[in-house]
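Engineer: Residue-level listing of the chains:
There are 2 protein chains.
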Amino acid sequence: LLKELEGQVIQTAVIAGAGNVAWHLGNHLFKSGISILQVFNRSVHAGQELAQCLKAPFTNKTEEVIKNADLYLLAVSDDALEVVSEQFRFPGEYIVLHTAGAVSMQIFEGKAENYGVLYPLQTLSRNKPVDFNTIPLLIEANSSKNLEIIRQLACRLSECVYEMNSENRMFLHLAAVIGSNFTNHLLSMSERIMTDRGLPFNLLRPLILETVEKAFSITPQQAQTGPAVRGNKRVIQRHMALLESYPQIRELYSLLSESIFNMADNKRGLPK
Amino acid sequence: LLKELEGQVIQTAVIAGAGNVAWHLGNHLFKSGISILQVFNRSVHAGQELAQCLKAPFTNKTEEVIKNADLYLLAVSDDALEVVSEQFRFPGEYIVLHTAGAVSMQIFEGKAENYGVLYPLQTLSRNKPVDFNTIPLLIEANSSKNLEIIRQLACRLSECVYEMNSENRMFLHLAAVIGSNFTNHLLSMSERIMTDRGLPFNLLRPLILETVEKAFSITPQQAQTGPAVRGNKRVIQRHMALLESYPQIRELYSLLSESIFNMADNKRGLPK
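Residue numbers (this note's numbering), protein chains in the order written: chain A, 1 to 272; chain B, 1 to 272.
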């Protein structure tokens, strides 16, 4: 297979998008030796900035998109993907990839010959460097040959490359939203309570990092502690009283405590 | 003041309790050079194990408790504290401390002359070593002299020693329950979804650790990402469909998404 792939290794790319994912993936492709032939982006300012960084020309016009790249990386928002994937269809041998966790690969069906997905499972902010090498990259392709080409590309970026189909990736994305976005929201509530009392939120940092480490070193079910899992109604009631002026946090406190208690009480694992 | 405290530095201690907090605090007191005169615990097995580890005698009888220690550390459950604090009252100069986040220092009122709180803000499991030196220790005392004695003791255990009164500690404990226990519960849901699809939960580890790091390096409000904060109804609806066979997770998904959206929409910070 490797022999067959010779000459089909990706060497040049066009990047569509200039957001956080485009920024990080573009830069890591560039550093790994891929020539970025062009950056395409609707908004000029962000696109030009990324293009400059990648030593590539910039365009915001679909008709100016360079046609002979090996790879078209569509690192745009889920909503833009529908439109952009329509715009990037021309004759020739190339692979087109999107980078979205929650969008099926089938968005490319009938629009391209060779296509797939390269989803980096990490929260990326343009200005915050991350160790890309440890970011799980979930890949998918419309043929085993394309899968190997994408795998080769992905392995140049990260040590953690996994094949995953669109349906599983959708569940993974859901699990990531719950574990990451919702966790961050809990931290917002926590921070609000601390700040309102004039207490430094940073005090909680060692606790919360250790909580996450522990959940992954045993299992979160085994790691569950606190008043709710012990059914400590006295503490729960005291907390509910402290939350009197935070009705929305109070409601979530009550529901999450109930959910934790049910899980422990049932001894049947997590609530269905 | 330091001069005044001379001769009042804590050198000997009796530990009540043999749970996770007693285990960690006992061992770190011992390592820091405090002589543990005795371990008291209702249940013999756990108590004897800790006593052996601390090279101390063990008792489970209140009347056998050694009377001449400098410190009585009541590292027992919130509920046991009421009873145990009654049992540890004898004439003499000594300090009695509890280690509970959610219990007021006033539990000692009328029971002891010199008392306070030493609350380690960390999730402690007996079998999991932690870097105690970075654990925030929240201290409180019923007099400034006692506070200094407790501070000296706490500084032998950790670099992060903060004075905090009972009311603030209660809010801190609430913020810790939300940020730690509830976060762990979200991770349980996440794990459940992954495991049910045969996906390795560990894939989410880099994402979730980075999420926490980011929340503390900027603020969680600034760090909020995901479909809910963007008001991406399409993705939310797809997730809700995927959760059809998880009604309890589905309900929490819906409420947390709403709460995140409201926070972003209002531009007035977190929902009250």
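Fair warning: there could be bad hints in the mix.
In this list, chains with the same sequence are indistinguishable; a pair is considered to hold if it fits within one copy or across any two.
[Stated by the list, open to error] Straight line, CA to CA, 20 Å or less: simulated SDA-like cross-link-like pairs of lysine to any residue:
{"hint": "1", "residue 1": "LYS61", "residue 2": "THR195"}
{"hint": "2", "residue 1": "LYS128", "residue 2": "GLU64"}
{"hint": "3", "residue 1": "LYS61", "residue 2": "GLU167"}
{"hint": "4", "residue 1": "LYS128", "residue 2": "THR219"}
{"hint": "5", "residue 1": "LYS31", "residue 2": "PHE171"}
{"hint": "6", "residue 1": "LYS233", "residue 2": "PHE171"}
{"hint": "7", "residue 1": "LYS111", "residue 2": "LEU207"}
{"hint": "8", "residue 1": "LYS233", "residue 2": "ASN142"}
Hints were generated in silico from the structure; no laboratory data involved.
Engineer: Now tell me, hint by hint, if it's right for this structure.
Structural biologist: Comparing the hints with the structure gives:
In this assembly of identical chains, LYS61 and THR195 lie within 20 Å of each other by CA distance neither inside one copy nor across copies; the values are 47 Å within and 44 Å between. Proximity of LYS128 to GLU64 under the C-alpha cut-off of 20 Å is found in neither arrangement, the shortest distances being 32 Å within a copy and 59 Å between copies. For a Cα distance limit of 20 Å, the shortest separation of LYS61 from GLU167 qualifies neither inside one copy, at 33 Å, nor across copies, at 61 Å. In the homo-oligomer, the alpha carbons of LYS128 and THR219 lie at most 20 Å apart only across protomers (14 Å), although the nearest pairing inside one protomer, at 29 Å, exceeds that limit.
For the identical chains of this complex, LYS31 and PHE171 are neighbours neither inside a copy (31 Å) nor across copies (47 Å), given an alpha-carbon limit of 20 Å. Only between protomers do LYS233 and PHE171 lie at most 20 Å apart by alpha-carbon distance; the minimum there is 17 Å, versus 34 Å within a single protomer. Taking identical chains as interchangeable, the C-alpha atoms of LYS111 and LEU207 are never at most 20 Å apart, the minima being 49 Å within one chain and 32 Å between chains. For the identical chains of this complex, LYS233 and ASN142 are neighbours neither inside a copy (54 Å) nor across copies (28 Å), given an alpha-carbon limit of 20 Å.
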